[in-house]
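2 protein chains.
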Amino acid sequence: MNEKDKWIEIIHELQDSICHSLEAVDGKAVFHEDSWQREEGGGGKTRIISNGNVFEKGGVNSSIVFGDVTETMRKQLQIEGSKWFACGLSIVIHPLNPFVPTIHCNYRMFELYNDRDEVIDRWFGGGTDLTPYYLFQEDAIHFHGIYKAICEKFDPAFYNQFKKNCDDYFVNWHRNSERRGIGGIFYDHQRPTNEKDGDFWMRFAKSCGDGFISAYIPIVEKRKAASFTEHNRYWQEIRRGRYVEFNLVHDRGTLFGLKTNGRIESILMSLPPTVRFDYNYQPLPGSEEEKLLDVLLHPKEWAGIITEADKNEWAKQSNTC
Amino acid sequence: MNEKDKWIEIIHELQDSICHSLEAVDGKAVFHEDSWQREEGGGGKTRIISNGNVFEKGGVNSSIVFGDVTETMRKQLQIEGSKWFACGLSIVIHPLNPFVPTIHCNYRMFELYNDRDEVIDRWFGGGTDLTPYYLFQEDAIHFHGIYKAICEKFDPAFYNQFKKNCDDYFVNWHRNSERRGIGGIFYDHQRPTNEKDGDFWMRFAKSCGDGFISAYIPIVEKRKAASFTEHNRYWQEIRRGRYVEFNLVHDRGTLFGLKTNGRIESILMSLPPTVRFDYNYQPLPGSEEEKLLDVLLHPKEWAGIITEADKNEWAKQSNTC
Numbered sequence: 000m001n002e003k004d005k006w007i008e009i010i011h012e013l014q015d016s017i018c019h020s021l022e023a024v025d026g027k028a029v030f031h032e033d034s035w036q037r038e039e040g041g042g043g044k045t046r047i048i049s050n051g052n053v054f055e056k057g058g059v060n061s062s063i064v065f066g067d068v069t070e071t072m073r074k075q076l077q078i079e080g081s082k083w084f085a086c087g088l089s090i091v092i093h094p095l096n097p098f099v100p101t102i103h104c105n106y107r108m109f110e111l112y113n114d115r116d117e118v119i120d121r122w123f124g125g126g127t128d129l130t131p132y133y134l135f136q137e138d139a140i141h142f143h144g145i146y147k148a149i150c151e152k153f154d155p156a157f158y159n160q161f162k163k164n165c166d167d168y169f170v171n172w173h174r175n176s177e178r179r180g181i182g183g184i185f186y187d188h189q190r191p192t193n194e195k196d197g198d199f200w201m202r203f204a205k206s207c208g209d210g211f212i213s214a215y216i217p218i219v220e221k222r223k224a225a226s227f228t229e230h231n232r233y234w235q236e237i238r239r240g241r242y243v244e245f246n247l248v249h250d251r252g253t254l255f256g257l258k259t260n261g262r263i264e265s266i267l268m269s270l271p272p273t274v275r276f277d278y279n280y281q282p283l284p285g286s287e288e289e290k291l292l293d294v295l296l297h298p299k300e301w302a303g304i305i306t307e308a309d310k311n312e313w314a315k316q317s318n319t320c
Numbered sequence: 000m001n002e003k004d005k006w007i008e009i010i011h012e013l014q015d016s017i018c019h020s021l022e023a024v025d026g027k028a029v030f031h032e033d034s035w036q037r038e039e040g041g042g043g044k045t046r047i048i049s050n051g052n053v054f055e056k057g058g059v060n061s062s063i064v065f066g067d068v069t070e071t072m073r074k075q076l077q078i079e080g081s082k083w084f085a086c087g088l089s090i091v092i093h094p095l096n097p098f099v100p101t102i103h104c105n106y107r108m109f110e111l112y113n114d115r116d117e118v119i120d121r122w123f124g125g126g127t128d129l130t131p132y133y134l135f136q137e138d139a140i141h142f143h144g145i146y147k148a149i150c151e152k153f154d155p156a157f158y159n160q161f162k163k164n165c166d167d168y169f170v171n172w173h174r175n176s177e178r179r180g181i182g183g184i185f186y187d188h189q190r191p192t193n194e195k196d197g198d199f200w201m202r203f204a205k206s207c208g209d210g211f212i213s214a215y216i217p218i219v220e221k222r223k224a225a226s227f228t229e230h231n232r233y234w235q236e237i238r239r240g241r242y243v244e245f246n247l248v249h250d251r252g253t254l255f256g257l258k259t260n261g262r263i264e265s266i267l268m269s270l271p272p273t274v275r276f277d278y279n280y281q282p283l284p285g286s287e288e289e290k291l292l293d294v295l296l297h298p299k300e301w302a303g304i305i306t307e308a309d310k311n312e313w314a315k316q317s318n319t320c
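Here the protein sequences line up with chains E and L, keeping their order.
Following numbering that gives the first Met the number 0, the residues of the first sequence are numbered contiguously, the last one being 320.
Following numbering that gives the first Met the number 0, the residues of the second sequence are numbered contiguously, the last one being 320.
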């Protein structure tokens, strides 16, 4: 099997396993699949869950797209070449309960070819990040701990580097640099080298993808039955507004998709189901809402507060390298 | 009184009269004013109404801002000069009842100075446009009729030209060129000439600003007590999602404000209070929702279906030139 086919297989296996684990924890809703074709080449499988016990709206989408390098791509992506290929998995899950965090994840491979169809460039990118509405420190430590454990199996420098990338990317710059959430990991433009070849980056993405389940599902299980008030829900919808602001104003992937004739419904599945925009909403001083805001304005080193017991637990949970 | 002061007076008078007429038709909520200062020069008066009988959220904002021409302005606005001044009125009103349309309006003057503080360039811009959730043809004809009558008092070419500008500007290009609403008028970069001097453009903006009341308030009065269902409200929130998409992805004013340290809460007061983003929402064939969508995809010449009786009525209502 060539590397492209191997990557496609990884993406589709992750799509299946993640959908199954989300359906299992929801207990009611199932994913519905829309298969779509792209006029310029390729297509995708958009899988949507909605109105579940746990998940109000979510998408677990795969796409395999290719085509000629256009003028827009040359300018916006600053790439050369004649043809391109991209295959990736893109996930956004918006739970109903304000105590269950929203999660986003994306793993992708990009290839460029010359006019003799030879590969002239190739890179991997991806990451997973968490957007809670209320801060549970143990959840933040668990989530970051899983990704730290995965990263360390591949390169001891990865976690710090990719955690910082994530904190620096998901930022509402127009809101006093407030982060969208409590981060996770994010990497981009990772080109295979002798030391870290294509197989390495595929195994890394596969481990991170499997990590979605061990990082997220235990948090969902722990919080999904928590009772919540109208006020908690109101705050969730206010925060979802910030999610919309980031995705529509700053997210490179969303804007590139909107400006290059991507499949709109698949791209905008990321937007939350119900949202509020109040004028000048401010959480009360000392409230749980303000505590969340504080860590969004000042990202923390969650993995720095990890105990040995945590480490052993995560090593077991992330044993998929 | 110099022209700058005259313009400032027009803007503040419009702000007052429009707030009064909106409060009167609401009957419950009143505007609350936040005065703000801008570090780089100037400030504004942001007036917000919320949770009224009729208006769920709205802002009637004035600002008088000035400063040095920055590198960002040189690039994004493609302007030369040493210092700048801008004064404008910006209104967005989101009613609760899905049968009452949202309205947006903006009137502004911009001046550029050289390093001896001499005016080297100056232009006027503005417009008013309507975003209904359900189409009432008589409302669309009334609204466009008022602005056509106002335009014709100033220049017979204005209405067609400014109506087309409006249809071409408020477009969700990523949604198959669906318009945000049924339009109105929009003009920009109107520089005083011998024939149409600064006084002309100020009188035009004042008439258009006064026209806000005669164009909008009768529609609000007619629709505000209409009973509506949860389904009507659901559709309104879906359409509000498109309003958010336009403002955050395409609106030049919003994006410029977000990227140049404008007052965020004043800029984003334009976003609707409650919003829904569903995956692939489609109105039923033949429904009232689909009828609206049809005119958003294919803008109509509303003023072309005007009767003589309408004309006389509007001439009376817009008698403020």
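Check before you lean on any hint, since a few could be wrong.
What the hints assert, rightly or not - If you want the footprint, here are the derived chain L segments under chain E, 3+ residues with CB under 8 Å:
| hint | stretch |
| --- | --- |
| 1 | 113 to 125 |
| 2 | 152 to 165 |
| 3 | 208 to 218 |
| 4 | 237 to 250 |
Said to hold, decoys possible - Result set (BS3-like, lysine-lysine): computed pairs, CA atoms no more than 25 Å apart in a straight line:
| hint | chain 1 | residue 1 | chain 2 | residue 2 |
| --- | --- | --- | --- | --- |
| 5 | E | Lys163 | L | Lys5 |
| 6 | L | Lys3 | L | Lys163 |
| 7 | E | Lys27 | E | Lys315 |
| 8 | E | Lys163 | E | Lys3 |
| 9 | E | Lys74 | L | Lys5 |
| 10 | L | Lys290 | L | Lys315 |
| 11 | E | Lys44 | E | Lys5 |
| 12 | L | Lys223 | L | Lys315 |
| 13 | E | Lys258 | L | Lys258 |
| 14 | E | Lys223 | E | Lys152 |
| 15 | L | Lys152 | L | Lys163 |
| 16 | L | Lys205 | L | Lys315 |
| 17 | E | Lys195 | E | Lys5 |
| 18 | E | Lys258 | L | Lys195 |
| 19 | E | Lys74 | E | Lys205 |
| 20 | L | Lys74 | E | Lys74 |
| 21 | L | Lys223 | L | Lys290 |
| 22 | E | Lys258 | L | Lys205 |
Treat the hints as calculated values from the structure; they're not laboratory data.
Cβ atoms here follow ideal geometry from the backbone N, Cα and C, with glycine treated the same way.
- Can you give the numbers of the hints that this structure goes against, from lowest to highest? As far as the earlier hints go, 1, 2, 3, 5, 6, 7, 8, 9, 10, 14, 18, 19, 22 are violated by this structure, in ascending order.
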